[in-house]
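A.B. asks: Residue numbers (this note's numbering), protein chains in the order written: chain A, 19 to 344; chain B, -10 to 496.
Note that these hints are calculated values from the structure, not bench results.
Keep in mind that the hints are not guaranteed to be accurate.
No farther apart than 25 Å at their CA atoms in a straight line, the calculated lysine to any residue pairs in the SDA-like style are these [to be verified]:
#: 1; chain 1: A; residue 1: 220; chain 2: B; residue 2: 455
#: 2; chain 1: A; residue 1: 259; chain 2: A; residue 2: 171
#: 3; chain 1: A; residue 1: 184; chain 2: A; residue 2: 238
#: 4; chain 1: A; residue 1: 239; chain 2: B; residue 2: 429
#: 5; chain 1: B; residue 1: 478; chain 2: A; residue 2: 235
Where chain B lies over chain A, by a calculated footprint (3+ residues, C-beta under 8 Å) [claimed, not checked]:
#: 6; region: 121 to 130
#: 7; region: 165 to 177
All C-beta atoms, glycine included, are put in the ideal place defined by N, C-alpha and C.
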Amino acid sequence: MILKIFCSLGVVIFGLWASEGVEILHPVDKKIHHEAYTGLTVKVHDRNISKILILTDRNERYTLEMTRECDDVCSKTVKLHPGENTIRVWGYKGEHLAYEAKSELYYVSQSLKGYKVPPKFYKETFFHTDKSEKECEQCHDMSLNEMKGVAFVDVEESNCYMCHKKTTTGKYAHAPAVNWVCSSCHSGKREEKGKRVSEMSKYHVPDPIHVICYGCHEKNKEIWDRKKYRHLPFDAGLCNKCHNPHASEHSMFIREVPNVLCTECHGDKKFPPSMRDNSRCPGTQEPSCVKCHNPHASDNPYFLDEPRTHTVDLGRDQFLFKSKGQ
Amino acid sequence: MIKKYGVKIALLLAALGIVAVLYQSGGGEKFGRFIAIMKQISANVFQKDHEEKIDITDEELSEVNIDKIALDLENRGHSSSEASPEPAAPREIPIDEIRFEERPTHTKMMIKEAKPIDLKDIPAKLKPLKKYLHEPFKMGACQICHVPKGDNPAALVKSNIHEICYECHKTKYTKEFDHKPVKEGKCTACHDPHQSDVPKMLRGTSINDTCLKCHEKGNEAKGMTKFITMNGKFKHKPAEKSCLECHEPHTSNYKTLMKKEVGLEFCLDCHSSIKDHRDMRKWINTVRYKHGAVSDSKGKCLECHDPHSSNYRSILKKDPVQVCLGCHDKSLKADEDGGMLLNIGQHLKDNPNWHKPIRDPNGKEGGCSGCHEPHGSDNFSILKKSFTKNFYADLENKDFFCFKCHKESKITERFTTDDDITKFRDGDVNLHNLHVNDRKGRACRACHDEHASKNKHLIREYTDFSSVKFPLRFVDAPNGGSCAPACHKRFEYDRANPKGIGQKKEG
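Please take these sequences and the hints and turn them into a complete structure.
C.D. replies: Shown next as structure tokens:
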């Protein structure tokens, strides 16, 4: 019993003492996150710390040597996975673990079904508010330094680049993102439905995002708005549900391969067995929903690219199909 | 006018003619001849065909002397009604009638008072005689102007020369703008009072020579301020022919003694009907996009062209590029869409590599007018031929404006190793073809600046895509180069050691 009390006291004292040594400035605990990467920023209060170890709950480790890589504020870009993430920061004095700090955050996935709604205790908090920017301004230029409508010749000149550079990694990158003309979409106006919100991030892009997308892709609007049938997420203007406006490993910056993306919502749909042999989609490695369906809008039912002409036997259900070869 | 008073005039002419002839000689045969002459004159007045055409000799005509008749009539009427003591007061006539000003004809009657001397007896310094002689001089009536006074045998009748001239040449020149010698009464500055080799008794060898005697540079000592040159390589044909094609020699209601108000219409009067020359009036009035220099400037045509002569083609005032930079060295508002035009002067200053027409303005297709139509055009930016404003333009069914000078094979050849066709190659793959000859072909101006650039081959610094300027990040290399625009990541090309661009597509 006495031992138990001692232990718990020790933990409490250790906890109090530990929290003084290293402090996670960003991301704050219980934060809802929207990007696959986060810029972890740690403030080191104890100058005797020689090494910092960052550990995620997927056992990814990042080590920062105090002398070389940081002074009193260290930062590291940490990859997140959809859902709950716990990031632990350990401060070492020599080989001896001296301090611990942790931050729990929730990465909301736009596309994956199980990770769209975070538990209640996670809060929407934004970094680019006046208060936190003021803190960073002591060392960093926090202004939007791009010239309106002119991209950087050297993208590293962008003030956004240092923290957000990971957002444009990917085989396919959206030109404005990879050229760091951030302000063409992230206006810095801090408005939600025309109303100024003070605690909102300066660069928050309010839904529906298609207002911004159509700024450039105006021809698509002209074509799609005339169509008879429109896909619901598309019609609601939620382009970013399927597309990553920055970069992606997949063509057209879609967040996952089409089949995965489609079946996240349309989980009951399966590929027609007769199509699995690829004979109906010549030239493709893998049968794909978008080979026959238009994910945006169409004049034909089921968003088919061409009017259906014949049925395909799907076993229980009867689907109507038209193959392009016939 | 003629129809209304025609009969009266004819009657008067006839009556006075009869009186005059009877007074002078009389006689049956001469009277018959006189009737015939009068018939002919009245037929001419009414512009009718007269069945018998007779030749009237100069002598006969001078004896009829219609001018004299008309003047006498006027003077007589005047003196009878107002009894003015000075019937010879100079009268003003409308400007357009100056061409037809009365040329006094001296009759034997008039010089009766003067004692004519024989031409042989005129002073030696006036010999040999020239082609055209002033009539009083021809008659030897020196006394009309000269009267010996003291030791000067050729002293003038009146101290002011012009007063003597106006005695007979009763046209007084007073309009809004007078030629300075006219205003000052220096008739003899241009006219020789005795004789000349050119009509109008001019002092020079021709009309233009007379004018240029003062109006050519080098006469600053005379107090001249208005100079022109006719020594340029290119001359305005009317100016070459005679200054009087456009100018009045004596007086005018328009500045610089013009015959009409200087402006677009003045020039277009000729430049709408010149053979082998486009109808400028029609062109200027029908084009969709007008050039401000033509439609909305102070000098109109004279903003760019010299009306007399110049060393630059189309009689431009300056070099074909410099003349444009006279205005376009600042950002001007475009008439066509209200946007601001590029400050070309600054652009050329900032970017050392210039497009050949700008570099060599006097060459073939040189100057801004190699691509732009300075008198207005139906195409945007008053281009001579339509050209896409867009970033994308598929080559098919598009006749690119650039092909006017650049070879089409530059784009259309898929594989080439010819440096003359294009140097934008990766090995033998024509990268122009790869960029342009496609469904989503790019227009020339997507990558090239049509005026000037800091880079070789007029490669742009920035390309405009969806109103964002993306840098092309072009890097030149000895045997190729590389590019990292918004469209793709950095791709290198090399003519000698191909980097494999376009191979995937072909495969």
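A.B. asks: Hinted pair, alpha-carbon criterion (25 Å max): residue 184/A, residue 238/A. Please report holds or violated.
C.D. replies: violated (29 Å)
A.B. asks: Counting residues of the region 121 to 130 of chain A that have a beta-carbon nearer than 8 Å to any beta-carbon of chain B, does the count reach 3?
C.D. replies: violated (count 0)
A.B. asks: In terms of beta carbon proximity below 8 Å, does the region 165 to 177 of chain A have 3 or more residues touching chain B?
C.D. replies: Satisfied; 5 residues make the cut.
A.B. asks: When you check the alpha-carbon spacing of residue 259/A and residue 171/A, does it fall within 25 Å?
C.D. replies: violated (31 Å)
A.B. asks: Taking 25 Å as the top limit, are the C-alpha atoms of residue 239/A and residue 429/B close enough?
C.D. replies: holds (19 Å)
A.B. asks: Can you confirm whether the C-alpha distance between residue 478/B and residue 235/A stays at or below 25 Å?
C.D. replies: Cα-Cα ~21 Å, so holds.
A.B. asks: Take the C-alpha atoms of residue 220/A and residue 455/B, compute the straight-line distance between them, and say whether it is at most 25 Å.
C.D. replies: OK: residue 220/A and residue 455/B at ~24 Å, within 25 Å.
Going down the numbered hints, you'll see the structure goes against 2, 3 and 6, while the others check out.
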